[in-house]
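Colleague: In the order they appear, the protein sequences are chains A and B. Numbering of the first sequence is given in the numbering used here, commencing with residue 777 and proceeding in unit increments. Numbering of the second sequence is given in the numbering used here, commencing with residue 55 and proceeding in unit increments.
If you are wondering where the hints come from, they were derived from the structure by calculation, not from laboratory data. Every value quoted in this text rests on a predicted model; they were computed, and no experiment measured them. Please note: incorrect hints may appear among the correct ones.
Claimed, not checked - For each label pair, taking beta carbons as the anchor points, the in silico distance ranges come out as:
hint	chain 1	residue 1	chain 2	residue 2	range
1	A	G829	B	L152	54 to 62 Å
2	A	S1184	B	A312	44 to 52 Å
3	B	D184	A	P912	30 to 38 Å
4	A	G1045	B	R255	41 to 49 Å
5	A	Q850	B	T58	39 to 47 Å
6	A	R827	B	A169	29 to 37 Å
Think of the CB as a built atom: it goes at the ideal place given N, C-alpha and C, for glycine as much as any other residue.
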Amino acid sequence: MIRREFLKAASTALGTVTLAPWILETEAAAAADVDAAKSTLAGAALATAKRLGAAYADIRINRYRSESVTTREQQVLNVARNQDFGFGVRVLVKGTWGFAASSIVTPDEIRRVTEAAVNIARANAAFQRKRVSLAPVDRVTANWRSAFEKDPFDVPLDDKIQLLLKLNAAAMKTTGVSFVSSSMVWVNEQRFLATSEGSRIEQYLIRGLPQFNVTAVSRETGDFQTRRSLGGPQARGYEYMEKHPWEAEAQQAGDEAVAKLKAKSVDPGTYDLVIHPTNLWLTIHESAGHATELDRALWWEADYAGTSFLTPDKAGTLRFGSPLVNIVADRMQPTALATVGYDDDGVAAQRWYLVKDGVFVDWQTTRDLAPLIGRKKSYGCLNADSWGSVPFPRMPNVSLEPGSANTSLDELVAGVEKGILIYGDGSWSIDQQRYNFQFGGQTFWEISKGKIGGMLRDVAYQSRSTDFWGACDGLGGSSTYQLNGSFVDGKGQPGQIGVVSHGCPAARFRQINVLNTAAPIV
Amino acid sequence: MLLTEAAARAITDKLFGYVTADDAVVTAFSEDYSHLRFAANTFLTSGQRQGATARVTVWIGRRRGSAATTDLSDAALKQAVDDAQTFAKLAPVDIEYLPTLGQQTYKPGQGYLEATAHLSLPARARQISDAIAQSEKAGVVSAGFHQVSLVARASATAHGNFNYERGSTVSLGMTARTPDGGGSGSFRRNHFDVGQLDTARIAREAIRRGVESRGARALPAGTYPVILDGQAVADILTAGAFSFDARNADEGRSAFSAAGGATKVGSQIFDRRINIVSDPWRPELSVFVATDDGVPAQTMHMVRNGVLETLRYSRYWAQQKNRQPSGPLALIVEPSAAGSSIDEMIRTAKRALLVSRFFYIRTVDPRSASVTGLTRDGVWFIEDGEVKYPVRNFRFNQSIVQMLASGNVDLIGSPERITSSEDSGTDPVLVPALRLNAFNFTSQSDAV
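Take these sequences, add in the hints, and give me the full structure.
Modeller: Encoded structure:
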């Protein structure tokens, strides 16, 4: 009820041009409990699955809305809204999964699709080697909303366009900037889950991805350099656009893109690195986030995303990093992208350590993974990117905890004789077992005798996951902590996109191999 | 159920019935998709998805707006058009607006086969069970993915163009690992014709590579001659560092930009035997023959005998530069003369590393199309024409322009239909195996 009133008020305030309401959004937002109409539709799936002999079934009836605004310089390239609505039914027959989905959301289609899911499971069950079993879960009825202040779908389009064009103008102020592109993407997920075990869960999630890229071209030399935005995607509303200093960052990016053209190309070698959270989040994602996925450790991803250097016998024994390193999985952190009330198994969001005092201690699990290592409960990591996708294990928010002393970035730098300070994520690559990685960045600054010096370019750091984390000898305090993340984390077959955040402080790493990535231009 | 041409036309007509804007392009897309995934020698997930999407882009006074919906009811289609028109009224003038296409002529593609649509659930389950049985017999642990993708797509414009196409793809990829984790091999293929997908061969080849990669030795990082399997060539060439986009080149931000504001069109940039072509009608490729906005495909030589002959133009940039707009890209890399087989490449090699597959390839320097990534699922040391022993994996940092340059390309194979092992398996290219004189491996990887 509160939500409906907010929408009405917002519509009045928006002025002369407002967008048509999204009928189901309004209905969902107004519901004090779960949506009765969807519960009725879900009943058709669950009854059909039971009649056909499924031991377990669930149905997700989901609506996804997205809006994007894309610009370059002082042009708007596109404004688009997408709406994607449908349902997916998952059944377990003779210990074998079956799934089917459709964009036609009617009782007859739901019954037909449920039967198709059962037929798939039965056809495969005849050849199945190992039967699936599920860890128990509490039955729940819930309605959950993510932590946002201002629904971006209620904000006038013109406000968004003007913000991006101002940002572009700020970047172009610097002499030598040739191009700038910018965009913002907003996503709203309206999820409904009903299970044959009695859970009924409705969730409303908002997230946004603002970004820009500034290019400086030297036509004389044929050289060009770019500087991308540092502010990453977040599960926030339009308040993110209003509170983050986008214009100032764009102007700084313009200055830095031009400066990169004349920056000193790095001498390859070993350096102490001080890494800003805008870069380190991606290293956490690749080396710790994916490495602690239990499905990878059990070789479920062997054909595509790969396995893991962490194996089931190593939990509790393997030294992952220095004793300073504490890495936590968290699906409850406000404004983080993988934060939910409940996962697609209906398991409540949780927080737990993956690495404690430098030792690898635990996994990311789902209901069908947990029993395989003798666990009686799931950590709630099941997720699908669409109503038409099979839910499968996805990463929670995985973050490095700040140091207990409130060390500043400058204090970390002060402890470096010869090193490099790195901001922003650039090129990234890691092997299929998460040992060997290489990361670039956006800007690089020479550190000499504890002081930040001139700009460097063509920098990438390359290391082995446990060597790198073992070399961590300094963590910034909570004042240096930031959340960044990915809007497009790919995994699985068929491929799905995940969204996930990684929080971390600035951190220092000793004696890391640095490459020069520039190749001669033929 | 895929949209028939009549059903698709009914949707595009209905959308136009709601359009009051000056100009519009609409599309109706439908898919029928199914998969079976297996790992640890057992079935994991299996499912199917049927859906359709209507998309509309309009211009009002050269102002542009777009919307899409998966709900094809009259009310939802009208809502999508209304949303797009609302956005267009709010948007600034699109200075790159061009009137949508009038009626075009399309040479039909051949990439849809009913037989692929009719692969039965029990037949698929048995094929994959047989692949697992082969794995069990060989003492390896396999993971893989079988999929069938059927799509139908119609696009229409306010100026009278209409195009309808269907496509089918069936693919199987499999990775076989030895139980001790010391060996891993992979093989994957796809086709539009289910009868051309040899699932037994795919399983057999993945298992062979897995078994033969066990006991790999560590070699120091450095520059080595290599034989890149076609899969590795597909992986590195489709990884995104390599774009023929004319606008980027003209604007000075491409590997094909030259000093002084020029481009490298007309320059000998690759080995004289290298040809890079776009041709969606090649019988082995058979992909879509129109872009989403209706531009018909052409057979294009981007690189002929190593010379950069032309770049690819969007409609807007083509109009700015007085060129023809480019249709969809259907990538083919082929030698000027008959290609060499992998066996011949091995037999005649003095010393080389045979690379099966690349992984996690990312651009590190767009100016030279330099990428980093890793080898995966089988590297072997070749000496005096024989495979001597498996080698542990490497990270590489390599310019693709230098990789294909004169003096670095030694032998070129015959093109095969392959998809990148990092994409969805439904975007095929025709590429050959390559023997190269030098490839830069920059560090060792412990991964297997």
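Colleague: Against which earlier hints does the structure fall short, listed by number upward?
Modeller: none
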